[in-house]
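Hints in hand, dock the two standalone chains.
These are the residues of each chain, in order.
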Amino acid sequence: MALDRRSFVKGAAVAGAAAMAPQVLVRTARGQDKGKVVFVSEESNPKAIAVYDKINADFKKETGIEVVMEYPGFANIAKRVATLIAAGTPPEIVWYGAGQAMNLALENQLADVGDVLKATGGAAENQRLIYKGADRSIPTSQQFTYGWYRKDLFQAKGLDAPTSWEDYAKAAKALNNPPAMYGCIVPSAETGASTLLLETMFMKNNVHWFGWNATKKDYDVVLDQGEQKKRAIETLDYLNELHKYSPEASTYNWGELMSTYFTEKAASSWYVGSRLLDQTIANNPKIADATVPFELPRKLTDAYYLSVQGFHILEKSNVDGAKKYVTFFLKHPELISWYHAVPLHIIPASRQMLNSTKYQDHPVIQKRMDVLKFLDSIWTKGVPLYYWDGKELNPYIGLFHNENLAGWMLAARNIKGMKSEQVVDEAAAQVRKKMRRVS
Amino acid sequence: MNPRAERRVWVLGTTGPALVFLVVVAYLPIAYAVALSFFKKTAFNPAMKWTGLDNYRFILEEPELWNAFGRSVVFTVGSVGLQLALGLVAALLLNRAFRGLNLVRSLFVLPYLLPSVVVALVFQWLLSPEYGVINQVLIQTGLVARPINFFGGLGTAMWAVIGMAGWQYGSFATLLILARLQAINPKLYEAAAVSGAGPLRAFWDVTLPALRTTLLVIALLRGIWMFNKFDSIWLVTHGGPLKHTETLPLYAYRLAFEEFDFGLAAAACSVMFVVLLGGAVIYFKLFDPTREIEVGR
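Residue numbers (the numbering used here), protein chains in the order written: chain A, 1 to 439; chain B, 1 to 297.
No lab work stands behind these hints: they were computed from the structure.
Incorrect hints may appear among the rest.
Stated by the list, open to error - SDA-like mimics (lysine to any residue), calculated; alpha carbons at most 20 angstroms apart, straight line:
(1) B:40 x A:87
(2) A:132 x A:379
(3) B:40 x A:108
(4) A:265 x B:124
(5) A:79 x B:223
Unchecked claim - Residues of chain B clear of chain A, computed beta-carbon distances all greater than 12 angstroms:
(6) 36
(7) 58
(8) 66
(9) 146
(10) 151
(11) 210
(12) 212
(13) 287
Stated by the list, open to error - Over the 10 angstroms line for every Cβ pair with chain B, so calculated as not near, a few chain A residues:
(14) 56
(15) 68
(16) 86
(17) 87
(18) 126
(19) 190
(20) 282
(21) 331
(22) 408
Note that CB positions come from ideal geometry on N, CA and C, so glycine has one too.
Bound conformation, chain B alone (with noise of 0.2 angstroms):
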């Protein structure tokens, strides 16, 4: 074999299964669903029935799916500038020498480990209007008559919600922020200090810009992730009460699992697709986190 032929069957065979794996996994489901979203196919059917763009009609006719994106927004919205902001707060605070530092630093960092399920049963026993503690607190000390029923209520559900996702998912951004911290130069401070620039000062003049780039990144990441959020409203909320939790994953489960609808359901998914695939591109656009990347070295 010639050293050209064997470059190629070397590079074949190392990048071949790799690159096999993410079509089979990843590339082949996407080009299927939209495929799917083109024909009629209902759930106890094999059979498809090309409708070309019916399905984008009737959908994009739909307030359901208007109200689903903008449920969606919320959450993601939500979501992430909680998880920003208890991140950045659980960061300043781990960001200083204390006994139990490392113990401390565990326990942040516990509910990012925690699977879906455990944090929505948690989440439930705590705020359960029956048996959960919050409520039981509540009562107790008088605040509320009756048991609130956060996750069923349609003023409560979503920041319910929120909340949780917030908490849980809170960790992945002080882990970060922690990082970034911990790599500013302490000079910087040294000379803000000189300066005359008090805690609040230093904070805003030196903390947040050098923050600035770790923070657009946890946000992109976790904005796309919580977009497609699926487990930790189903598992506490199944979309409701009346919708108020359903969000564009929820919504496109609810066609193929319950309308028993496939078409549909693929037709959804892709303008979910299409609206993360825009908004990756606005945000490659407005920041350039390539150029914010080399800037925050």
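Chain A on its own, in the form it takes in the complex (with noise of 0.2 angstroms):
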């Protein structure tokens, strides 16, 4: 043949080349571009986009600058967000968890945002996150971690709402029968669900995985010592006892949690926020009423497991119209609208912005005020993961949060029939070899 392999080779290779070439080019504009703000939010829900499209299409107005929205949702988000970094396109801003968002200013990726809260009103202590001596995080709702139980199902056995750990176990069993009815629901698999079952009990029973280490000035595992390994021992005992009363729940996920409950095939359940309750609402509202909030039952502490949500801004991407964006956000008359779009769910990051009429003034917010008097009740009793183990920002806890280790736990134990003390000890040694890797 007249072609020569080198000479095929090298045209192939010329128009590779000119295939590959736009893409690099787009890759370089893309940060520069000044009239645009690339926004990925967790929050997908339809009433929530409709308020974005009207902020957005009024900030345009104002400002000249296009807002494109991205919504993968809450199981995608950190995967997408970390896919746009990797490929050198960083969005301008990221709505989602503060405790997923740490992940970024670890590795210096978020702007110092001490600006816009002082332009837009603060936050309370609980809600911030610092880093490197700045707010890398501009909180606008926060959600707790506790249970909702069938008010009607525990009335007819004349038990009231469970406080300590053993009413929540007797009332459990007292609930159960199987398979029709189950007493709670304690997934034990490696989600996310159990994972912040464990974590939250293991904050009720006063349990670290980290103590704060003065000298080094760094955490340490004490997860397997003294103390905190006899209390994390007896609290996968015990939710090993209430696991008895919960479906296998081996596979179980956030919408397990929530669907199991709704179809009446279970008497108590947990959240993160009220979801559970709109999703009764939604799609059995003849339970909804008797749909109550309760504590998930405290041992030694009533700390409140808390995931904090906000705006977080890219530092090398468009920060100044970022920034600009966020601050007409949080200063647009329809914000109030955005939290009503999962009323009591999304909850203000603003106390004051709680108890106000503007907030209050919705048809299901009006209807379960109880639920509302519920979250102002415990409102201080919040503590975000990364500051549960000390003062100080702990930069360890992805480690284990990331990778569901307290869901690994829980499975270890109700399912794989580990005793707590092997688990307690494996987990702590699985943190240890982590941390080694990533020093």
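Right, dumping it as structure tokens:
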């Protein structure tokens, strides 16, 4: 053949380079586009999206900056943000949990947003995310982890809302009638739901994964030491006891925590925030009025696992445009409709707003003022995981939290039947190993 | 333009785009993944730090990699075996004339046409411990007292996943085997019958040798696809419970998108690539499919 291999490959390589060039150019240009803000939001409820659309249109009218939205959803947002950063095209704004955003802060990806906080009214101490002396998060809302129970079923058995571990175990046992009805739900899998349950119950029993070492000025793993180990074992054993009154739930994630409850297969469940109530109202309204919040029972402390959501601005992006947008968003009159998109679930970060007539002026909130009062009563008790072990931001929580290690612990205890002590030892060893790799 | 140059332009113009496409969508990502495996790169920072063989050392020392590899082998052998068995039985049933044959054949092909997410949802509904039909039947017939958590039980999850994959992809085997069955010369069966062979003997001496090549090709193709299978398993178990269905692709995914360590994930993918390459080389050495196809004609 007249065409030799070398010239063919050369020609193809040139064609390939030509095909790739626009991609590279687009990537370079994107960060410099001052007329655009890419906003990745975890909240993808249609009502919330309608509010975004309205505010974004007003923002464009006022500043000429276009806001491009992405809604990857709760389960995929961390992956989406990670891939955008890895591709060299970081978004300007990410709205999601500050705990997830901490991963970005640790890699110096988040801009200092102290000026935006100042301009928009500041934030409560337990909602701030401070890294290298600067605020990295603009909190908008928060959610506590707490339980929900069927008041009608409890009353029929002469039971009140459980307040102690013993009460809850007794109630779960009394109401347990499998497979028609289970007393409670203890998901036991390497999933986010299982992880959060154990992390919450650890808080209720004052169990710490890490302890602050003042000499090293760093955190050490203490889960398998002294009192911590004793309490961790006690917590695992307690959840193992509760698991007897739960569906096996070894595949459970967030959806099942709600669907098992609203299909009347469980007398109690739990969730982060009140989406469970929202879903019960939507899917089985006849049990909605009897669906009442309660504190997941405490042993030693009444701390609540706190998830704080907010705006996070990426350092290597159109920071000015992003700051303008966030300030505009938080001062926009439609902000209240955004909070009302999932009423009582997206709880304002500001207690003042929670108690305002404007916020409470919504039929669901008006009907369920008991939920609002419950939330107000626990307002100061929330602790984000990254401040649970000490006043300093704990940079290591991702080593167990991101990988659902607490979920693994529950599954190892409840599904595999491992001894609690062995589970605790193995979990602590895993975290230490990962710490070594990180360091 | 002289004819030689013209021919050069013609060849480049016609094959170049396809080659560029192949390079961009297949070879560049492979090369990038292999290169990435020598760097430390977290998902939240585009900066890459050269670490040499550290990622390989780390994952090769991890029992998790070998456990995942073992599960990949179990899943691949189990699901491909089931696909071959189901495919063979279905093809033999469909290789005869009866009323409604075309409709039945279409129904047999249907599972292969369904998206994995649909199949996963159907199996989740069928096997759900709370509201699944299978559990309802088992409980109502008194075979079990409490529902079986098929996808969530330590002893059942892998078998449930294998069963689902076998059902979905068995149709592929059915199609190929049926096509081969219809190409077998009927005179061979007549000769076997004249020699006194019953149906079983005819199957053993005529059908099976004729299907040998097809079965090997199915085993190779489906073996590679099943070894790389991610979606079906991820959709129903996420690799659980307690990693009992975490095969190599899921392990690599976990490293990348739960531990956010792209370097380690790339190393795991490279190991997977080498394993498959090794498997393919062994297959070609042992079975020489080119020769088999020649013989099969």
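Now for the hints, and whether the structure bears them out:
1. About 15 angstroms separates the Cα atoms of residue 40 of chain B and residue 87 of chain A, which keeps this hinted pair within 20 angstroms; it holds.
2. At most 20 angstroms may separate the alpha-carbon atoms for a hinted pair to count; residue 132 of chain A and residue 379 of chain A exceed this at roughly 27 angstroms.
3. A threshold of 20 angstroms between alpha carbons decides the hint, and for residue 40 of chain B with residue 108 of chain A the separation of about 16 angstroms falls inside it, so the pair holds.
4. Pair hint residue 265 of chain A plus residue 124 of chain B holds up; C-alpha atoms about 17 angstroms apart against a cutoff of 20 angstroms.
5. The suggested pairing of residue 79 of chain A with residue 223 of chain B is violated, with an alpha-carbon distance near 29 angstroms, which exceeds 20 angstroms.
6. A Cβ of chain A approaches the Cβ of residue 36 of chain B within 12 angstroms, the least distance being about 10 angstroms, so the stated non-interface status is violated.
7. At roughly 7 angstroms from the closest C-beta of chain A, the C-beta of residue 58 of chain B falls inside 12 angstroms, breaking its exclusion from the interface.
8. With a minimum CB-CB distance of about 17 angstroms to chain A, residue 66 of chain B clears the 12 angstroms threshold, and the non-interface call stands.
9. Distance to chain A contradicts residue 146 of chain B as a non-interface residue, since its nearest Cβ pair spans about 6 angstroms, not more than 12 angstroms.
10. A cut-off of 12 angstroms between C-beta atoms contradicts the statement that residue 151 of chain B is not in contact with chain A; the least separation is 6 angstroms.
11. The claim that residue 210 of chain B lies off the interface holds: its Cβ sits roughly 39 angstroms from the closest Cβ of chain A, which is beyond the 12 angstroms cut-off.
12. For residue 212 of chain B, the condition that its CB be more than 12 angstroms from all CB atoms of chain A holds, with the nearest at approximately 37 angstroms.
13. Distance check for residue 287 of chain B against chain A: the nearest CB is about 31 angstroms away, which clears 12 angstroms, and the non-interface claim stands.
14. Annotated as non-interface, residue 56 of chain A keeps its C-beta farther than 10 angstroms from every C-beta of chain B; the closest such distance is 26 angstroms.
15. Distance to chain B confirms residue 68 of chain A as a non-interface residue, since its nearest Cβ pair spans about 20 angstroms, more than 10 angstroms.
16. With 10 angstroms as the threshold on Cβ separation, the claim that residue 86 of chain A sits away from chain B is violated: the shortest Cβ distance comes to roughly 6 angstroms.
17. Residue 87 of chain A, annotated as away from the interface, has a beta carbon of chain B within 10 angstroms; the closest lies near 8 angstroms.
18. Taking the minimum C-beta to C-beta distance to chain B, about 24 angstroms, the non-interface status of residue 126 of chain A holds against the 10 angstroms cut.
19. Residue 190 of chain A, annotated as away from the interface, has a beta carbon of chain B within 10 angstroms; the closest lies near 6 angstroms.
20. For residue 282 of chain A, the non-interface assignment is confirmed: its Cβ lies about 19 angstroms from the closest Cβ of chain B, beyond the 10 angstroms cut-off.
21. Every Cβ of chain B is farther than 10 angstroms from the Cβ of residue 331 of chain A; the closest lies at roughly 30 angstroms, confirming the non-interface assignment.
22. The claim that residue 408 of chain A lies off the interface is violated: its Cβ sits roughly 7 angstroms from the closest Cβ of chain B, which falls inside the 10 angstroms cut-off.
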